[in-house]
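Novice: Next come the chains, spelled out residue by residue.
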Amino acid sequence: MTRDIFQPSGRIQFGIFFQGVNSGTIWKAPEAGSQTDFESFRHIAQTAERGKFAAFFLGEGLRLREHLGRPHALDVVGRPDAQTMLAALAAVTKNIGLVATQNTTYNDPSDLAHRLSSLDLISGGRAAWNIVTTDNAWTGANFRRGGYLDHADRYKHAEAFVETAKRIWDSWETPIGPARRVLHEGQHYTVDVTPRLPRSAQYRPVLFQAGDSPDGRDFAARQADVIFSAHPKFDDAVEFRRDIVARSIAAGRGANAVQIMPASEFILAATDQEAQEKKAWVRSLQIGPQQAIAYLEQFWGRELSSYDPDGPLPEIDPVVEETSETRGSGFHGAKARQLADQWRAEAKDKGLSIRQFVTSKTARIDATFTGSYTAVADHLAEYARVGAVDGFNISPWLIPTGLDDIVNHLVPELQERGVYPAEYRGTTLRENLGLETPVRSEESVHI
Amino acid sequence: MSTFEERKAGFLAIELDGAGYENLAAAVLAAESAGFHVATFKDTPAAGRVNALQRAAFTGPVTRNIAVVPEVDTVYTEPFHVSTQLASLDYVSGGRAGWIATAAESPEAAAAVGRAFVQGGALAQEAAASIEVSRRLWDSWEDDAVIRDVATGRYIDVDKLHYADFETPSDFAGPAYSVKGPSIIPRPLQGQLPVVAAASLVGEGLVPVEAVDAVLLTAPTPELLTAEIRDVRARLGSSVAIVAELDVVLDARGQAAESRSGSAHEAAPAQEGGRARFVGSAAGLADLLDSLLQEADGVRLHPAVLDVELEELSRLVLPELRRRGALSPPIQDGTFRHVLGLAPAENRYSTTAAATVAAGK
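Chain order of the listed sequences is A and B.
Last residue of the first sequence: 447 (the numbering used here), numbering continuous.
Last residue of the second sequence: 361 (the numbering used here), numbering continuous.
Misleading hints may appear alongside valid ones.
[Said to hold, decoys possible] Now the in silico label distances, taken between C-beta atoms and shown as ranges: (1) A:G69 to B:I331: 42 to 52 Å; (2) B:A25 to A:G351: 58 to 68 Å; (3) B:A176 to A:K94: 19 to 29 Å.
For the record, the hints were derived by calculation from the structure and aren't laboratory data.
Quick caveat, the model's predicted, so the values are computed rather than measured.
C-beta: ideal position from N, C-alpha, C; glycine also.
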C-alpha cells in the first residue's frame, strides 16, 4: 500500500523556538535585547512570518533551574507563560503557527484542552501543543498536587491525558455543536466535562512531541502530528526518519503521518570563513568562564571556583557518589566519580581546557549549521531531497534579531532551490504543514 | 468660596464578553477610543466562551491605554499557573493588566478537573490562598533581579530572587497545599497587578480587604446602588476602590430601550440576576453615572448588545460625562494601577526597601 511507503515532500520548513532559558541564548553582547518585553517576541514572530516560517514555539519550565541549592544565575532565565504570550502574538501575526509547550503532569486535561482550543479559535486555527511530561517532585513543589507521578508512568499518564484532550476536541458532532459529555476515570485523575468550544478552522490544535526514548517515540508515532526531534545531523536524521516511519506504520498510521522537525541552530555569514569566526564568537559568549565552572560543579556537587577555566579538569573527586539530578536541566545521574574519571581522560586526550571541554559538551555540535548562506542552503536542500526531515526548529542565539540573517539571506536561497515555500499555503497551521485533517474518533461518540 | 466644588472623577469599565473571539480587536479598540478606562473579560463556563485571560492577552498589543482585566477562577485552577499567566498578561499589555479573582461555585467546574465540590466559606479560603500565592510569586523576583553583569558572568542576582514558601493555613477546608517558587517569570511591569473581587467575597472571615485593590458591587436596582456603595465603603474602608455594576439598555438605532429591553435581555449573555439594570436614554444614563461616580470610584457597564450600546455610549454618554468632569482623564501609557490611583507596589521581599527603612528614609 502506498500509505505504507514514505514519500518525501521535497521541501523543508522552518520553525522558531524562542527558548528564554539556558546558555544557548547569549546575553553578554550589546545587541542582546530583552527576554521579556513584548517587543522582542513581536520582532521575532513577525520576522519569522516574513520568512514564511511554519511555527513559532515557546518552551515551558515550571521551576527555575537551581545550582548548588540556589537559582542558577549565569544563564538567561525568566520567561512568560506560553499560551498567554501566543494569544497576544496571534493579534500581531496572520499565518504563523503558535506552538505552546505544555506539561501533562501539572495541568488538568479539561482545562488545558479548553485553553488550547481557546488559542486555536483566537488565532484562526494556528495553535499547537508541544506535549512534554515531567515526573519530578521537585517541580511538583509549585503545584497543588505536588509530586505524584513515577518516572516509569509518565508516558502512560501522558497518553491518557492526550487521549482525553482529543476526545474533548472531538466532542462536537458538527462544527457548531452540540457537544457530548466526556468522561474519563484514570489512575491519577478523573474528568467529567461537557466541552464548550467548537472546532477551529484546523479542526483541533496540531500536536508536537519531543520524547526520544523508545517509549517516547512510540508515543509520538501513535499521537503526534510532528516530532520536535533531537536528530538534526544528516545520517542521524535519515535513521530517525526510518525508525519513526516504521513505528507509525506499526501504530496503524501512514508512513507520512508524522512529520519531523529537529532542533537546530544556525550560524551564517556571507562566506564560510566569516561564519566560522562568528561561531567562535557565539560560543565564547554562550559558555563563559563562570558557566564552564558551574557546569562542572553540577556534576562534582561542590564548589570549584578556585579552578582555572582555562586549565585542566579538576583532579579532586566529586563529593557525591550519585550526582544529584541537576535541577531543572534534565540530566540524570550517572555515577559521579565514574563520570569525572571519564571526562578527565577525555579532556586530557583531546587537550581541552575546562572551558573548551564544557563548550564541547554543551554546544549542540550536531545541531549547528555553520557556513555561508549558499553552502548551508545546498546542504539543507539535500535533506529536502531525501526527506530526512520536514523542517528545522531553529533556536536563535540572539534575541530579538537572531532570525534576521536567516530570513534575509538563507530563506531566499532555499526558495530559489525550490525546497522552501514561497508563500503560506493557507491560514491554518495544519494547512501550512501539509497535515491531514483528523478523522473524528468514534470513541467520543460513546459516553 | 468657589462656585464649583472640586468634583470627584471616576473611571468606567466595560464588559467585552459580547464581542466573542472573532470581533475582539474591533470591540476593544472601540471601547478604548470611546474613552473607557478598563475592559473586562468574563470567564464563567458557557458554550462558545473562549478563555478570558487569552482574550485579554489578544487585546493587549492592539491597544495603548485601556486596562485589560480578565476573570480567572481561584478554586479549580493551579495558583502557580494563574500567577504566571497574569504576570505574562501584564507584559503583553505593557502594564495594563488586572485580575478579577472569582470563586467558581458550580459542581460542573469541580467535576471537570476531578476535584471535590467547594462551597460556602471554603470558597473565600480558596480565593484568599490563590491571591496570596500570586502576590508572593509576583514579588519573588525583585524589579532589578536581571542584572546582566558581564564582569561576573551573572545574568541574575540570586539575592534578588525569593522563595514564596506558601502554605495553606491550618484551618483551610480543602486539601492543604504549598507553593515553593520563585516565579518562572520576572516581576510584572506593575509590580503587583491590581486584584479585583466581588464585594460579597471580601471582608472579615472572607478574603481579607488587604488582599484586594477593588471590589465589584451589585444591587438589585440602580436606585439601591448608592446606599450599597455607602454600606460597602463603611464595611471595607477606604483602601479598596469600589466599582458599581450596571446593566445597560439604551435607546438606539431608532428603537426605544424599553422595546429593546425584552429582546436584548434574551440576547444578552452578560445579564445576571441581582444586577441593577438601566433602561432608557443616553441622557438618563449620563445622569445616573454622574451621580454614581460621586459615590463609587468606578462603574462597570454590561451592555445588553455590545455593538449597539457601545455605539451610543461612545457617541453620547461618555462625551457628556467628560463635559461634566465626571471621568478621570485617560493617562497616556498608563497602567491599571494608575486607573485605580494606586501607589507603586512595594515588594514584600525587597532588600532595597529594607535597607531604605533601616536608613530611616
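Novice: Run every hint past the structure and note whether it holds.
Specialist: Each hint tested on the structure:
1. A:G69 to B:I331: 42 to 52 Å: Roughly 44 Å apart at Cβ, these two residues keep to the hinted range, so it holds.
2. B:A25 to A:G351: 58 to 68 Å: holds, 60 Å
3. B:A176 to A:K94: 19 to 29 Å: Given about 47 Å between the Cβ atoms, the range is violated.
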